[in-house]
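Participant: Sequence:
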Amino acid sequence: MKIAVMKETAPGERRVAATPETVRKFLALGAQVAVEEGAGLRADVPDAEFAAAGALVGSRAQVLDGADLVLAVQGPAPEGIPAGALVLAMLNPYQSRDRLEAYAAVGIDAVALEFIPRITRAQSMDVLSSQANLAGYKAVIDAAHAYGRAFPMMMTAAGTVPAARVFVMGVGVAGLQAIATAKRLGAIVSATDVRPATREQILSLGGKPVFVEDEEAAEAETAGGYAREMSEAYRAKQAALISETIAKQDIVITTALIPGRPAPRLVTAEQIATMRPGSVIVDMSVVQGGNVEGSRADETVVTENGVTILGFSNYPSRMASTASALFARNLLNFVQTFWDPEAKALKLPEGDEIVTGALVVKGGAIIHPALQG
Numbered sequence: 001m002k003i004a005v006m007k008e009t010a011p012g013e014r015r016v017a018a019t020p021e022t023v024r025k026f027l028a029l030g031a032q033v034a035v036e037e038g039a040g041l042r043a044d045v046p047d048a049e050f051a052a053a054g055a056l057v058g059s060r061a062q063v064l065d066g067a068d069l070v071l072a073v074q075g076p077a078p079e080g081i082p083a084g085a086l087v088l089a090m091l092n093p094y095q096s097r098d099r100l101e102a103y104a105a106v107g108i109d110a111v112a113l114e115f116i117p118r119i120t121r122a123q124s125m126d127v128l129s130s131q132a133n134l135a136g137y138k139a140v141i142d143a144a145h146a147y148g149r150a151f152p153m154m155m156t157a158a159g160t161v162p163a164a165r166v167f168v169m170g171v172g173v174a175g176l177q178a179i180a181t182a183k184r185l186g187a188i189v190s191a192t193d194v195r196p197a198t199r200e201q202i203l204s205l206g207g208k209p210v211f212v213e214d215e216e217a218a219e220a221e222t223a224g225g226y227a228r229e230m231s232e233a234y235r236a237k238q239a240a241l242i243s244e245t246i247a248k249q250d251i252v253i254t255t256a257l258i259p260g261r262p263a264p265r266l267v268t269a270e271q272i273a274t275m276r277p278g279s280v281i282v283d284m285s286v287v288q289g290g291n292v293e294g295s296r297a298d299e300t301v302v303t304e305n306g307v308t309i310l311g312f313s314n315y316p317s318r319m320a321s322t323a324s325a326l327f328a329r330n331l332l333n334f335v336q337t338f339w340d341p342e343a344k345a346l347k348l349p350e351g352d353e354i355v356t357g358a359l360v361v362k363g364g365a366i367i368h369p370a371l372q373g
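The sequence shown runs 1 to 373 under my numbering.
Please note: incorrect hints may appear among the correct ones.
Claimed, not checked - Simulated DEER-style distance windows between Cβ atoms:
#1 Ile119 with Ala247: 35 to 45 Å
#2 Gly30 with Arg265: 49 to 59 Å
#3 Leu41 with Ala365: 55 to 65 Å
#4 Ile119 with Lys248: 35 to 45 Å
#5 Glu21 with Asp68: 48 to 58 Å
#6 Glu232 with Ala343: 25 to 35 Å
#7 Ser243 with Arg121: 40 to 50 Å
#8 Thr337 with Gly38: 49 to 59 Å
#9 Gly186 with Gly66: 49 to 59 Å
#10 Ala343 with Ser124: 21 to 31 Å
#11 Ile119 with Ala365: 18 to 28 Å
Calculated directly from the structure, the hints in this document are not laboratory data.
All residues carry an ideal CB built from backbone N, CA and C; glycine is no exception.
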């Protein structure tokens, strides 16, 4: 079986879907591995390291020739990928249906890594979690860089420097890491989420929970572990509580996403106007429309009252080397789980919960139930 590793072409994407470590482990399984020239350069992995690990390094055409499995971070263009090959990548299925249809038209099968179910058995292959963890860390580092004051309280002969106040909105994987990182830097941290189950998680990391307490809040989490879209009445209660909280903060980090929908608006211009000059907001959901009014993808916005709003569209790519290492291991774990040692090939069993959840294109058709209609 030949595994092809593609060079990313999306603007700003610096990650790579394999590392020399995972190449060696693929070879140990009995696979052949080919890596497109320059695929790892922006993640600090030169071609020579892939070659030393045993991979063939060549042009796109050479790498794709005879490929059975194509690994990428973001879904590659179908041109040059052989019919019958399987693409394993983040495909952005809801927003990139045209690409899925193009795969189907030429007979390429595809697994959307975003759709891998969040079950215990699949944790080691969950790219959303591995990448969001790094994104939450990087968001705090970016906020600290933009914030013109110290994070921890400092007692000096010249006086006491107060600790920064950080408010995290959305306590998924990214939010939890943001809480932990801000605490390590010495900030006073509070956090909120529509899912009541996150209260204990916030407390366990040393944060203060900020919650609306009502019956709707008790049913705010989907079976998949994501936040459910809430009613207008709930959002009004939440807005009042958030307004009171935001006015006291130095840094606000928003992480809320709803799969397949625009990011919910969490912070309004009126709320931003209550923050003091020099405060920072990081909108981690800007690529899906943003949680923060006025945020713009990959731009730094400074409001009239001196609040800085950051909104990077690809946080993991800002830590490309580390993010690639984790992403590549996620892919390796997926392949190892479904590897047939006798055939020395990847075989996806029908009816397997992971396969059913993540396989979106097969046999010339888009087959995933969530993408029908």
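Participant: Confirm or reject each hint.
Facilitator: Status of the hints after comparison with the structure:
no. : hint                           : verdict
1   : Ile119 with Ala247: 35 to 45 Å : 40 Å, holds
2   : Gly30 with Arg265: 49 to 59 Å  : 51 Å, holds
3   : Leu41 with Ala365: 55 to 65 Å  : 36 Å, violated
4   : Ile119 with Lys248: 35 to 45 Å : 39 Å, holds
5   : Glu21 with Asp68: 48 to 58 Å   : 21 Å, violated
6   : Glu232 with Ala343: 25 to 35 Å : 55 Å, violated
7   : Ser243 with Arg121: 40 to 50 Å : 42 Å, holds
8   : Thr337 with Gly38: 49 to 59 Å  : 30 Å, violated
9   : Gly186 with Gly66: 49 to 59 Å  : 55 Å, holds
10  : Ala343 with Ser124: 21 to 31 Å : 23 Å, holds
11  : Ile119 with Ala365: 18 to 28 Å : 26 Å, holds
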